[in-house]
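Novice: Numbering (numbering that gives the first Met the number 0), first residue to last: 0 to 289.
Misleading hints may appear alongside valid ones.
Straight-line Cα separation of at most 27 Å, DSSO-like style, residue types lysine-lysine; simulated pairs [to be verified]: (1) 13 <-> 65; (2) 136 <-> 202; (3) 202 <-> 281.
Each pair of labels, with its calculated beta carbon distance range [stated by the list, open to error]: (4) 195 <-> 280: 37 to 47 Å; (5) 14 <-> 285: 26 to 36 Å; (6) 120 <-> 76: 18 to 28 Å.
Hints are computed from structural coordinates only; laboratory data are not their basis.
Note that this is a predicted model, so its numbers are computed, not measured.
Note that CB positions come from ideal geometry on N, CA and C, so glycine has one too.
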Amino acid sequence: MTDANQTISDRIQKELDTFTRAERQLALSILENYPASGLGPLAALARSAEVSVPTVARMVQKLGYKGYPDFQADLRDELSAIAKGPIAKHETWAGAAPSGHILNRFTEAVIDNIRNTMAHIDPVAFDSACALVADQKRHLYIVGGRITHTLAEYLFMHMQVIRPNLTHVQSTSNTWPHYLLNATEGDVFVIFDVRRYENNTLKLAEMARARGARIVLFTDQWRSPVHRLADISLTCRIIVPSAWDSVATTVLLVESMISQVQNLDWDNTRDRMQELEEIFDKTRLFRKFT
0 MTDANQTISD RIQKELDTFT RAERQLALSI LENYPASGLG PLAALARSAE
50 VSVPTVARMV QKLGYKGYPD FQADLRDELS AIAKGPIAKH ETWAGAAPSG
100 HILNRFTEAV IDNIRNTMAH IDPVAFDSAC ALVADQKRHL YIVGGRITHT
150 LAEYLFMHMQ VIRPNLTHVQ STSNTWPHYL LNATEGDVFV IFDVRRYENN
200 TLKLAEMARA RGARIVLFTD QWRSPVHRLA DISLTCRIIV PSAWDSVATT
250 VLLVESMISQ VQNLDWDNTR DRMQELEEIF DKTRLFRKFT
């Protein structure tokens with residue numbers, strides 16, 4: 000890529016306001032089915048976006064490429080990165096491993112992920128996501144996948160303290176269709192989906208959307224297919240020197256959301272916290288040293 004720290008999607012979104020009307024139409028068409036949308040012939044991309052061939056050539060150059068073949072080469076690299084399993088990812092990294100201790104190298108990678116994520120996240124979209132999650136008139140469903148179920152559980156546990164009217168959906172279970180029985184228009188689904196994107200998570204999102212639910216998506220820089228259905232997508236960079244991707248940046252956004260949601264109705268949150276502490280005291284769940 001022309002910039003190793005940015006995906007093509009990152010660059011398109013960064014430059015979106017500088018594009019002409021036709022270029023913006025093209026950019027949105029590419030993002031709609033990213034990254035597969037740009038893998039065909041130039042003329043086919045122009046036709047699907049309903050723009051001219053010269054418009055495609057101009058926009059590609061604005062993104063920093065000499066021509067369409069270079070643009071496609073980066074898209075193919077991204078598609079390959081999305082499909083990589085743990086072993087392939089480790090071998091790719093290990094071949095160019097930098098010097099220094101893993102603690103330093105890993106920390107630097109995580110800090111770079113955080114900086115890049117914060118540079119591209121839309122604060123208005125984040126605030127809107129928090130407002131949806133905090134709205135107690137809407138039933139809140141929280142969904143994770145094979146790995147991200149731990150993030151879903153973490154968010155759910157805190158939301159249980161902050162607000163009523165919520166459900167933790169076990170998306171990896173065959174029972175998840177049962178949860179949709181109670182989903183109604185205006186309910187909110189918070190969905191976690193990162194590479195390698197899970198088919199049942201996409202199907203759940205499709206069915207939730209069909210029932211009129213709102214969707215807040217936590218995903219990676221390549222963006223889950225669920226993003227096409229989501230009202231708000233919060234993308235996080237996840238690459239670290241490991242066979243596995245990092246959840247550190249996603250946890251940062253989740254904890255920031257928890258903080259914002261509790262503050263949106265602090266009086267109610269405080270009362271629920273106090274009541275929970277009283278329950279803890281009665282159950283003697285925790286040791287007391289006074």
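Novice: Now, for every hint given, state plainly whether the structure supports it.
Specialist: Taking the hints in turn, this is what the structure says about them:
Simply put, residue 13 and residue 65 have alpha-carbon atoms about 19 Å apart, close enough for the 27 Å limit, and the pair holds. Distance hint between residue 136 and residue 202 is fulfilled; the C-alpha atoms sit about 25 Å from each other, no more than 27 Å. For a cut-off of 27 Å, the pair hint linking residue 202 to residue 281 is broken: about 43 Å separates their Cα positions. For residue 195 and residue 280, the Cβ-Cβ distance of about 45 Å falls inside the hinted range of 37 to 47 Å, so the restraint holds.
Range check, residue 14 to residue 285: Cβ separation about 52 Å, and the 26 to 36 Å hint is violated. Between residue 120 and residue 76 the Cβ separation comes to about 24 Å, which falls inside the hinted range of 18 to 28 Å.
Violation of the numbered hints given earlier is confined to hints 3, 5; the remaining hints are satisfied by the structure.
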